[in-house]
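Peer 1: Next come the chains, spelled out residue by residue.
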Amino acid sequence: MSKGTLYDKVWENHKVTELPTGQDQLFVGLHLIHEVTSPQAFGMLEERDLDVAFPKLTHATVDHIVPTADQSRPYKEDAAEEMMAELEQNVRDAGIDFSDPTTGDQGIVHVIGPEQGITQPGKTIVCGDSHTSTHGAFGALAFGIGTSQIRDVLATGTVAMEKQKVRKIEITGELQEGVEAKDIILEIIRRLGTEGGVGYVYEYAGEAIENLDMEGRMSICNMSIEGGARAGYVNPDETTYEWLEQTDYFQENPEKFDELKPYWESIRSDDDAEYDDVVTIDGSSLEPVVTWGTTPGQGIGITDPIPSPEELPEEKQDTARRAQEHMRVEPGETMEGYDIDVAFLGSCTNARLPDLRRAARIVKGRQVDDDVRAMVVPGSQRVQRKAKEEGLKDIFEEAGFEWRNAGCSMCLGMNEDQLEGDEACASSSNRNFIGRQGSKDGRTVLMNPRMVAAAAITGEVSDVRDLKEVNLA
Amino acid sequence: MSDEVEIPEVNYVSGTGVPIRGNDIDTDQIIPARFMKVVTFDGLGEFAFFDVRFDDEDNQKDHPMNEEQFQDASVMVVNNNFGCGSSREHAPQALMRWGIDALIGEGFAEIFAGNCLALGIPTVTADSETIQELQDWVDENPAGEIDIDVEAETVTYGDNEIDVTVDDAQRKALVEGVWDTTALMKSNAGAVRDKARELPYVEDAAIPDAE
Numbered sequence: 208m209s210k211g212t213l214y215d216k217v218w219e220n221h222k223v224t225e226l227p228t229g230q231d232q233l234f235v236g237l238h239l240i241h242e243v244t245s246p247q248a249f250g251m252l253e254e255r256d257l258d259v260a261f262p263k264l265t266h267a268t269v270d271h272i273v274p275t276a277d278q279s280r281p282y283k284e285d286a287a288e289e290m291m292a293e294l295e296q297n298v299r300d301a302g303i304d305f306s307d308p309t310t311g312d313q314g315i316v317h318v319i320g321p322e323q324g325i326t327q328p329g330k331t332i333v334c335g336d337s338h339t340s341t342h343g344a345f346g347a348l349a350f351g352i353g354t355s356q357i358r359d360v361l362a363t364g365t366v367a368m369e370k371q372k373v374r375k376i377e378i379t380g381e382l383q384e385g386v387e388a389k390d391i392i393l394e395i396i397r398r399l400g401t402e403g404g405v406g407y408v409y410e411y412a413g414e415a416i417e418n419l420d421m422e423g424r425m426s427i428c429n430m431s432i433e434g435g436a437r438a439g440y441v442n443p444d445e446t447t448y449e450w451l452e453q454t455d456y457f458q459e460n461p462e463k464f465d466e467l468k469p470y471w472e473s474i475r476s477d478d479d480a481e482y483d484d485v486v487t488i489d490g491s492s493l494e495p496v497v498t499w500g501t502t503p504g505q506g507i508g509i510t511d512p513i514p515s516p517e518e519l520p521e522e523k524q525d526t527a528r529r530a531q532e533h534m535r536v537e538p539g540e541t542m543e544g545y546d547i548d549v550a551f552l553g554s555c556t557n558a559r560l561p562d563l564r565r566a567a568r569i570v571k572g573r574q575v576d577d578d579v580r581a582m583v584v585p586g587s588q589r590v591q592r593k594a595k596e597e598g599l600k601d602i603f604e605e606a607g608f609e610w611r612n613a614g615c616s617m618c619l620g621m622n623e624d625q626l627e628g629d630e631a632c633a634s635s636s637n638r639n640f641i642g643r644q645g646s647k648d649g650r651t652v653l654m655n656p657r658m659v660a661a662a663a664i665t666g667e668v669s670d671v672r673d674l675k676e677v678n679l680a
Numbered sequence: 020m021s022d023e024v025e026i027p028e029v030n031y032v033s034g035t036g037v038p039i040r041g042n043d044i045d046t047d048q049i050i051p052a053r054f055m056k057v058v059t060f061d062g063l064g065e066f067a068f069f070d071v072r073f074d075d076e077d078n079q080k081d082h083p084m085n086e087e088q089f090q091d092a093s094v095m096v097v098n099n100n101f102g103c104g105s106s107r108e109h110a111p112q113a114l115m116r117w118g119i120d121a122l123i124g125e126g127f128a129e130i131f132a133g134n135c136l137a138l139g140i141p142t143v144t145a146d147s148e149t150i151q152e153l154q155d156w157v158d159e160n161p162a163g164e165i166d167i168d169v170e171a172e173t174v175t176y177g178d179n180e181i182d183v184t185v186d187d188a189q190r191k192a193l194v195e196g197v198w199d200t201t202a203l204m205k206s207n208a209g210a211v212r213d214k215a216r217e218l219p220y221v222e223d224a225a226i227p228d229a230e
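Chains as they are written, first to last, in the working numbering: chain A, 208 to 680; chain B, 20 to 230.
Looking at chain B on its own, in the form it has when it is part of the complex (with noise of 0.2 Å):
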């Protein structure tokens, strides 16, 4: 039965990383809307912050993503309201299909946050000025390693090791390999069904009998 969906936990992250800055970066720079003309999220990697990173020829803008020494990057670090605006999925799976598995900010939107839970992508926060410090420290370090300890709530880069927060909710799901909550959730279906029945809205006829 395919409810049994493997999800692995998610305890560690490391990777070199990539700078991202600016505050308010919304989920339009993220992945454009055009880009979302697509029945499936395969593909969408290459049109991570495209407007940004091309002009209208498709030549490369100034842009990190552009450059040679952050290709490899898997840990994006940004600063503060990242990904506000819309609720579209496509934009941390564009991002996590260009490369990245953990993103460290200042920052970021409810939503934003919630949709890379659910790809087991940690969003982790620290302060403005030792996220600018790491984003300079990677900048002159383009092949260091970061390590996230997600359980810890430590980074790890150079010499330095800092103190970040990960939302309690998402430090469990993470670590304890529960943020692919569907399985989870269906197991409770009687109890949801009991609870349709409850509310006084909810006709009986849009309650489905148990399976």
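Next up, chain A with everything else stripped away, as it sits in the complex (with noise of 0.2 Å):
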């Protein structure tokens, strides 16, 4: 059993006790929500005749559903116009603060919980949604529930869990230029397996995460959660709090600030903590990483050959198999050169201003390859903004890109973002499943948001190394 880790600890300061089953109650000090997952829990609160016990610890947003391009309302699918307006009538009967598109502050969850400050170290964060491991990367405990789950937080306040073990991935040595965060995770994904962190929380840790911004720290606890693990952290340092500092709550509260710091160091993993099991990674020896499958596990770096199936594991053999034969793609080539039809910058995972400040830095001065749509989608209306203060939307516009509102859009497909037919998508999102972006034959190669930029200009998967840089200032 670990001990002496964020996890133990902040574990322990939100338990109110253990339930007869052998889990423990725990607190739920933020509870995101949005229109997919929320409204069969306000309706089962109704049946029960249950209010929301903590509607000041909770937040909603709309992510999922909202259109990107229209969002005039009533939005023209009538579905999407049904779920936001339920979710306007829920949050409204609850006293529930919820960042719709009026306000400028909407996004994706993910994006807008950190952007608002409200986000912090040692806080449990939960949401109806897998990613929720994203907030980790402020030292929070944050996870991803069902929708009955749901409604326990928000009966309740509480949430019934059993404790997990902790393995600390540590990334030692400096990233190669070209080399972000994604590509760590898909590496850690790739070797660990989707299974890998099933009963487990990831601590990330190391020099390569400690040099990382808190934009890069989010993209890798994002994808906890397609290693198995239903949550990863970063243990909170000066960069993270540089970042709070900025954000709203601590700009209107600044006391708060000072207040709490000493809490956030409280709960740091203790130098000589024990963990349940440590992977360490060189960092230094990576490249950017590509998928050629369709689960977040099968990557590869740009230069390296596709596995063969014989040459893998036997339980992950068939799984291989099936996915080479979607994807079409042959053992012993790389992904370089693997047309695409469309390029999507965006997602919970890599729609950050870093994201999009990085990717524009190819694109400057080259334009889409003719026969690729690309499309910019900003994590949320703030990036939005800022991207258009700083010029980048009309470095992408005159690329060819679209540039989107805010949403979750084509990572999911549950708007009309949608790839159609057999098209193959260079994606910056994090799910590379069979019918994920809307098409059950699209093919999705999952790879960093440069990486996306290069593939948009060139038409084909591409190793962003090649393409020269443009200075934005």
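No wet-lab data here; the hints were simulated from the structure.
Treat each hint with caution, since some may be false.
[Said to hold, decoys possible] Residues from chain A that face chain B, not an exhaustive set, calculated with beta carbons under 10 Å:
| # | residue |
| --- | --- |
| 1 | Lys-222 |
| 2 | Gln-247 |
| 3 | Ala-287 |
| 4 | Thr-354 |
| 5 | Glu-402 |
| 6 | Gly-642 |
| 7 | Asn-678 |
[Claimed, not checked] Result set (BS3-like, lysine-lysine): computed pairs, CA atoms no more than 30 Å apart in a straight line:
| # | chain 1 | residue 1 | chain 2 | residue 2 |
| --- | --- | --- | --- | --- |
| 8 | A | Lys-372 | B | Lys-205 |
| 9 | A | Lys-283 | A | Lys-372 |
| 10 | A | Lys-372 | A | Lys-210 |
| 11 | B | Lys-191 | A | Lys-210 |
| 12 | A | Lys-372 | B | Lys-191 |
[Said to hold, decoys possible] Simulated restraints, written as ranges between beta carbons of each label pair:
| # | chain 1 | residue 1 | chain 2 | residue 2 | range |
| --- | --- | --- | --- | --- | --- |
| 13 | B | Ile-181 | A | Asp-465 | 58 to 68 Å |
| 14 | B | Arg-53 | A | Glu-532 | 20 to 30 Å |
| 15 | B | Ala-225 | A | Leu-679 | 33 to 43 Å |
| 16 | B | Arg-53 | A | Ala-292 | 14 to 24 Å |
Just so it is clear, CB atoms sit at the ideal spot from N, CA and C, and this is done for glycine as well.
The two chains are supplied separately, each in an independent frame; assemble them into the complex guided by the hints.
Peer 2: Next comes the structure, spelled out in structure tokens:
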């Protein structure tokens, strides 16, 4: 059993009691809700005649179904309008803050929590969305829950959980030029497997992690779940505190910053903390990673050959064979040169300001390939605004990208942004599952945002290190 | 008071099986996102595994859940990392509404298993060889009864009895009928408020008065 880790401390701080099942009842410090997984939970509350216990610790936004082109109400699609209206009604009745599109604060739930400063170290954060692990970048204990658990949290302010083991993943060394946080997490999942983290929480540590900005840490924690780990975190440090200080909450309540900092320091993993498992990866040996298959674990370095199913562990072979058939790739080849039809720069993994900045440096002065439709979907209205102020919008539009409004968009194809037929998509998102981007014949290649920019320009999966960057200033 | 929701004990599940083969079957396969544009879970059953069961013209494809012999199945037998991906409870809701009362597999994604538990659906595990033998048996004996004893952690089919694993908390929750945790946790409301007061980041104004 782990001892003295951030996970142990935050768990202990939030434990209300042990339940008869042996699970612990954990207090929830922040409950984020959105339009897809919460309406049924509010329905259950109503059936049981229960109220929302802690409305002021609950925050709502709309992201999954929101159109990214025409956002005038009512939404064109009836189902989307119905879900939005339902959420509006629920938050109004319960007195829950709602970052709706009219506030200028709307966006993907895992982008807006950090932006507003309500994501903080040492909090327990839950949301009916598996990428809630993102908030772990701040040293929060954050995980996705299902709708019945949303009902629990709404009704009681708590959640029933079993304590997990802790695996420390240490990324040593300095990253090479062109290698990003996304490449680190894709490599972790490739090595440890999509199921390797089941039963574990991941603590990301080491020089390469400490050197990342907060957005990079968020990209890594975001995809913990793709490796099977329900939660992942980075110990808070000066990088975290500097970021927090600039957020709304601490700008409005500067005294809180000094008041809370000792708590944040206290929940860091101890130097002599004990872990259930430790994995070390040499970060300096990584290159940009792309996926060749239909699970996020099926990744390779951009110059590496696609593995033949026979060289993989037996339990992975069947999945690999089916994936290669779907993706139409051959073992022995690299992914470089794989034709793409769509470039999607967006999602809770990689649609924050630094992601767009890095991609813009590749795009500037170049043109999107004639056969590619390329879109940028900023993670939030704030990202969208700031990117416009910095001139990024113009760079993308001049190159031939569509510039959209904030939302989950083509990451999961719940709005009108979807792949068609067997289109191949270079995507900065997190899942390459068959059908994920809205077409069951669609083909998704996951990669970092600069690699998406490169693919948009060349029309094929490319090594971004071969494209000269343009200085934006 | 509707706080007192009747929560049945789930000691045994019996029924015929349906084998769904493959590792890493994700929740996008179990219920594609386009069917989640609904504000209730009613009616999700017919969309379970939709894209692997039907072609573009809604014609049936080759899939166990389309086969006549498996139409009454209530025990799904799956391989490893079943239910990976999204946290959507729509996935187990769709399976439950199709008719599934229990799953036996090599391994389940954590959020998926938690969502099943919240619906009173056991997710019991065994090693890959045992699972493959059971899947083969189900193919040969589609009308054969499978009995899951949750407390004893055994599965009986044909002349076989196999040991399976049921996670401790899941077993207790099912057997003692405490898998719906809302009322149970609500009964600790006083302690929850005390905990809120202890935490440095929770503002007093966010803590409601006792009911």
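Peer 1: Tell me the hint numbers this structure goes against, listed in increasing order.
Peer 2: Hint check: 7, 9 fail, others pass.
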